[in-house]
Amino acid sequence: MPLVNMTVNGRPVAREVEANTLLVLFLRETLRLTGTHVGCDTTQCGACVVHVNGRAVKSCTTLALSCEDAEVVTIEGLSDGEALHPMQAAFREHHGLQCGYCTPGMIMSAVGMVRRLGTDLDRDTIRDELEGNICRCTGYQNIVEAIRAGALAMADRPDA
Amino acid sequence: MREFGIGQSLPRTEDLRLVRGTGRYTDDIAPAGSARMYVLRSQHAFARIGGIAIDAALEVPGVLAILTGADATADGLGGFTSMVRRTGPDGQPNFEPPFAVIARDVTRYVGEPVAVIVAETLNAAKDAAELIEVDYEAQPCVADLALADAPGAPLVWEQCPGNLCVLTEVGDKSATDDAFARAAHVAQVDFRISRVAVSTMEPRTAVAEWSEADQRFTLHASIQNPHMSREQLAGVLGLPSHRIRAVALDVGGGFGLKGVPHPELALVMWAARRVGRPVRWTSERSEGFLADCHARDQIVHAELALDEEARFLGLRVRVKANFGAYLSLAGVHCALGNIGGLSGVYVLPAIHGEIRGLFTHTVPIGPYRGAGRPEASMMIERVIDVAARDLGMDPAELRRRNLIPADRMPYDTGFVFTYDSGDFPASQAKVQEISDWNGFERRRAGAWARGRLRGIGMAHVIEIAAGQLDEMGAIEVDTSGAIAVTTGMQNHGQGHETMYRQLIAEFMHVPPDKVSVRDCDTDQIPYGFGTGGSRSAVVAGFLLETLASKVIAKGKQVAAIMLEVEPDQIDYREGAVFAARDSNRSATLAEVARFAHQPMHLPPGFEGGLSHRQMTRLAGPTFPNGCHVCEVEIDPETGHLDFVGYWVSEDVGKAINPMIVKGQVHGGVVQGLGQALGEYIHYDEEGQLATGSFMDYQMPRALDMPAIGIVSSDTPSRNNPLGIKGCGEGGTVGALPAAMNAIADALGPLGITNFDMPATPQRLWRAIRDAGGMPHAMAAE
Ligand code: FES
Ligand code: FES
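Protein sequence lines, in the order shown, are assigned to chains A and B.
At the far end of the first sequence sits residue 246, using this note's numbering, and the numbering has no gaps.
At the far end of the second sequence sits residue 1074, using this note's numbering, and the numbering has no gaps.
Hints may contain errors.
[Stated by the list, open to error] Dumping the calculated DMTMM-like pairs for lysine to aspartate or glutamate here, alpha-carbon to alpha-carbon at most 20 Å:
(1) B:Lys-849 <-> B:Glu-884
(2) B:Lys-419 <-> A:Glu-104
(3) B:Lys-947 <-> B:Glu-790
(4) B:Lys-843 <-> B:Asp-861
(5) B:Lys-419 <-> A:Asp-245
(6) B:Lys-466 <-> B:Asp-383
(7) B:Lys-947 <-> B:Asp-383
(8) B:Lys-847 <-> B:Glu-900
(9) B:Lys-419 <-> A:Glu-115
[To be verified] Covered by chain B, according to a simulated footprint, are these stretches of chain A (three or more residues, beta-carbon under 8 Å):
(10) 91-103
(11) 183-193
Hints are computed from structural coordinates only; laboratory data are not their basis.
All values reported here derive from a predicted model rather than from experimental measurement.
Quick reminder that beta carbons are idealized off the backbone N, C-alpha and C, glycines included.
Extracted from the complex, chain B is given alone in its bound form (with noise of 0.2 Å):
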């Protein structure tokens, strides 16, 4: 292994910054003269506006403007359109509202903004706020999902009886009832997955200048992905792209909600532009709760069909999807676009699923780590563990039985995706070893003879990861032989900044404080995609060696001219050196870049210079896989559950830094277990959240959660040269099913076969004590 290179653990490089106090978040930058804007947002899910009576409100000192529905109408606002179209129930492109930014004549969630306040300073703006007087006239409403498509609820869009925008079907129908004609057994399960806050620690944030003389804005944001954002708010505001400069710098964690552009990074320029002034927006935490796009909240129906010797022949699933009440950018993505992960790593010849997406007078639906990954794969591990209940069987065994066999990868599921690689029984059998599976039966009974409920859950994952293939990059050698690279990704807290430099260390044999890394932005680099999908660490081991080895091969012919051979004469070495094979003649690196800056001693024509430029495309993408195992204890007295154990087996292919891969398995893992414990977003039947701060939402705290134990498991790529498959989502994907099938497996004595997420302590407790409570007698045994 080189030095710095592939495969190190180093420590990280920003870090340096971070935990000093001296990184750069986006609310950090307060330009001078900044104005401050404060978002008055709609108090009822569904009503009317009357009017807005702005006029008292203007008096307050301080108030430089206030901009309601009827401006935006004015200056010929848009909203954020969808990425994704699929099929409305009448089999044509489905209705797509765009996800508005500012409420015109109907609100249509609590928490739309229907005003924006900018002012001196944010108590200003937000005293002003209180003396706008809207005229609502509420309406009926539906929020929840279960009652979206109820006879006679009420509509969300008149285009859409029902609330249906979507009906999709997936896979093979005719083959699937084949399937389930021919079964031994049939196995079902309904469940219910979830609404989630995102709820990045670093809130939503946003700061904006207009240029009159340039005619363009400069936004600053906590977001991660600046082209893609700059593109669809050039829609929104009707300019041509390249009006904008958009520039995240350190963002405090994204997960998916700050790839999808939200109504405030709109407004926030629309006032700079019409105050002449710069205007900051942070949003606060209980406003993120209501206006942040929420993720998940779907209704499974999910069936799986087995034959005599246990082996898998169909699945079929039907979905329910809240959309909320826009389509935001990746709304139906996460309904659909992930759905692939149906197959998971087992031979299942048929699979047909039927999916609804419905809208209801909530916050649009958006991205959360995995975005339709854990969804999916809650739907085929969790039914797994019911047809291994129903036959009796040690769910690790039914698995283990129609797992794909290591020997015919790449695997085409026929489904939807083609596996790279990965050996799916060696995984198992290393997490089960490391959690002692086999040991388990003794563990529960243990549990039960101290009247504590025990139970252990396995789930596998595979996801599709780097599915945007995609990217942009530069590398630049100056004439001190440093290397700045610049990318479309942005870093966000998966260390990209390291893994660059790394990745130079391990192309251009640079040592790490060599190498700088530009910020993400859009006026550094002309396009880029951004960070997400779990892709950048397989984008960017391609791309940064297919920019290493153009700039070294420009080297080599600068060399040549310098040295005086043929450049297919040089050799790039350790060191960083240009040198003459069968010579003792070379030049470092940084004579050769500083020869390349001086035109005038290299031929006519030739291109001065040492940097490169390019986008690259992957083969294809990679399926990251792993196998979990969660065991949970639960007292039935008071309800409490205990996560005692985690392990994971992981197949990444190479790791890049495998510091920074266990970092992504046990934040997304613990992002599962938060859903499964206690994570719950709740709206009541006016619409209104119920929970709507960090003291009604219940966020994983460190005393919750276990430590997890990791082995690897990696088995390279066949998509990229490296190997490399990414790992920011599998631990999500793969612990939302496992945390479930556990607590199933720990229920499952009481003969409570049915207990959705969130498992509380007061829901746990009502189930077990509605089943009857634990059996005295046997506890006692």
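The following block holds chain A by itself, in its conformation from the complex (with noise of 0.2 Å):
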């Protein structure tokens, strides 16, 4: 089996994975970084986002084998320790999420919305911008509030 090198939050891992093993299963059932979900298997949902090189992609088309030497972070990796990203506070302040699953894609995803689009992002685009995330519970409403305030929050954090 192929060998595969990549650092996960910051910490260097390599591990041999069968070649056509996706990138969510590595984490999820590999590293057992099992804040990344499965929620469909048509490339749908958005459940399974991470960033590879800063950039959210959706982990469940992705080969673990093509992310060689690449930086891969994923919810477990966004905090800094104790103290919430403030994407992940303002999901909470703003009751942005239900049941929780579509929630770590969703902050993956709002977090990559920022760092491509600005930290001033008008309702409409969140909502478009969320095309490729899909949640069942909240109705959106919340999620958008919350990406719109996150996204204000990290611009006081430029390192976030």
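Both chains come to you apart, so use the hints to assemble them.
Next up, the structure:
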């Protein structure tokens, strides 16, 4: 089996994987980082979004091997120790989650959105940008509010 | 308001793990040495199974076992039974085929389990599944409800001619016939309530372990009701229920789907015992579309009789409801259990309904948010709009004229329900105001000038909540004064962990961080009814108040011993302090709890410890209600529909956490709008599922959905001391009819009177084209 090297949440990892192993299964089953979820088998739901080299990607359609030497960040690696990342805090503050299953993907997508589009996101833009993330519980309204607030909070935290 | 108590929008405790990705969903648990299960499913809607060849599959490296219907028969595996019984066409109890967990000689829907493969890895199990040869002898089938009782339709069960399982009448036929005979006007409407897939974002999933030493299963599963699931599974597996421990940790959405036991729960347990290893199973999304119980799927004819003053005289409905191929636990319940909602919020002197429940070669029907409530609400609320259009009346005025006045509460509808409280006229007035209902015709004209069709729809909601009145709970105070709460209700997004903390803060005056909430686990508490039917807030309010008062009473006895006064001299005060009246002596809850755990200091025979467990029963169900307004705009050129506005006035009685209530309304509304807009399960003539993935099944996305304006119009329930009514399902109950009324209103000017969900661009475009399109001369005006 081929060996893959990557950094996951700041820690270097080197593991043997089957060539067809998806990143999401590598994270969940091999590294036991179960915060990244699987909600579909057609790349529609976004429950699996992680950051690869700073970009939000769907880990259910990314091969683990394609992440050789990459910097991978999952929901577990987003916050800096005890304190929540501003986007995580905003989801909690604005009740942007109910069952929480879509939430890791939503938060990782939201942070990716801010990195691409800046910290002043209007609600229509947020709704458009969430095209690839499905939530069954919240009706999206509080997710939109959370992302707007989380983005503004990120403006004060250039490192976030 | 007490800090952290009832009425505060506290951020949720459970979020602290969920936003970090450290939740504990079932598929996150992978016990050491677990094997994986894969289910081979029927490719045919109706087929005889001649034989199943598994020899080649058994050769695949890593395969541990392959089990088929023959093994299930040998091991005596049963099926899940229906919880509701009605009458069949002969007036006898209806035929009840249990929901089979694996096909024996016949498969009756595409996706029915045919074989179970257990292997070291999922890939090995899937590889093996490809080598299994099933000898199917396909039969003609019927998947479409509309055709199920057509002459000559293939029969799902020989025992049920015409595929008719249940034939039941509700209400008063002769009074209703009289009402129609006297009517000045009769409005009628025919519509179909589409079939949908619940589609929780977390698929159904389970991990089972069998302990040979204890002769006992441990099942971790994504379920809403561990205790009820355990009872059902014990029946299927032929064990006493104490041989099963069922646990639900974090669950990624339920909405009724996960309250119904499904075959794979039994199969994964069976497999675990067979191979002597823990076995994991997680549905893939495409599997879920095939094998999760679907929902709704009814064909309705409704008629409303009105007098000269447009007052309602009577309502008549004829309903055909799909049951699927077997009766799921709640299949019959969905068609009949909530039909009481037909009476709506109106003075409606006579109601009669005839409901036919039919089998088809499709996966069984199960509950989905509302479970018959949105369907009943569609029937009354759609026909009211049709009547308003017939009479040239404002539908809001027609409703207003017929509302039950607030001063008649509690109100016996004369049909099924007696409403506890509500001020429907006030609720309607509030939503008309925030939606600027009266300014709508201007907005319609403006849209028309832009070449757009605009419509507005109203629907009142009333739903029975907490119909299951009983629940078990426990409060245990440890020697540090920390409080653990356990109930038989399960948290899958509704915020129970936060709500319980708020209730305990209210009743026992302790801050939330001193309270822990135990997992819903049959080993933690012996009984429970699970989460469903908008019950948890209502039930928990009464249950925890009862438990808290018992614990405090016990604490007073202990404090009296400590402080050497009579128990009736002790008050329980702010700050969780037991104080002796007219003295400066007091003891904190922690001190009293510590003392209570030292029986040597207590009088002989005094029961040590500081905890209490019991079941409680509410005085009656509650009826949360509200009034919804939906506004839509349709582009006739493309058929694209925009939800341009949505407003709700809601009456949940007393809100424990208003933030959570609003979230429940948002989510519920979007599930209703999703069905109106695009969600649609479609089987072709061969009974093959045509909409089996998120590519074909249009889930509501953020960009399709409106912002929702909410105003509260709360009137406390009289059926529990806190006045709580619940809020889980009302959003969906209102949204389906409000949206369909708005769409009908938008299409009305083109002469389109019948338009069924889903309002996809293709369907809207075709309907508009068939009606001759937008009249250009008028559009240009
Ligand atoms: S699991 Fe990756 S998009 Fe659904
Ligand atoms: S919070 Fe449940 S799916 Fe989004």
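Each hint, compared with the structure:
no. : hint                    : verdict
1   : B:Lys-849 <-> B:Glu-884 : 12 Å, holds
2   : B:Lys-419 <-> A:Glu-104 : 16 Å, holds
3   : B:Lys-947 <-> B:Glu-790 : 18 Å, holds
4   : B:Lys-843 <-> B:Asp-861 : 14 Å, holds
5   : B:Lys-419 <-> A:Asp-245 : 44 Å, violated
6   : B:Lys-466 <-> B:Asp-383 : 19 Å, holds
7   : B:Lys-947 <-> B:Asp-383 : 46 Å, violated
8   : B:Lys-847 <-> B:Glu-900 : 9 Å, holds
9   : B:Lys-419 <-> A:Glu-115 : 17 Å, holds
10  : 91-103                  : violated (count 0)
11  : 183-193                 : holds (count 9)
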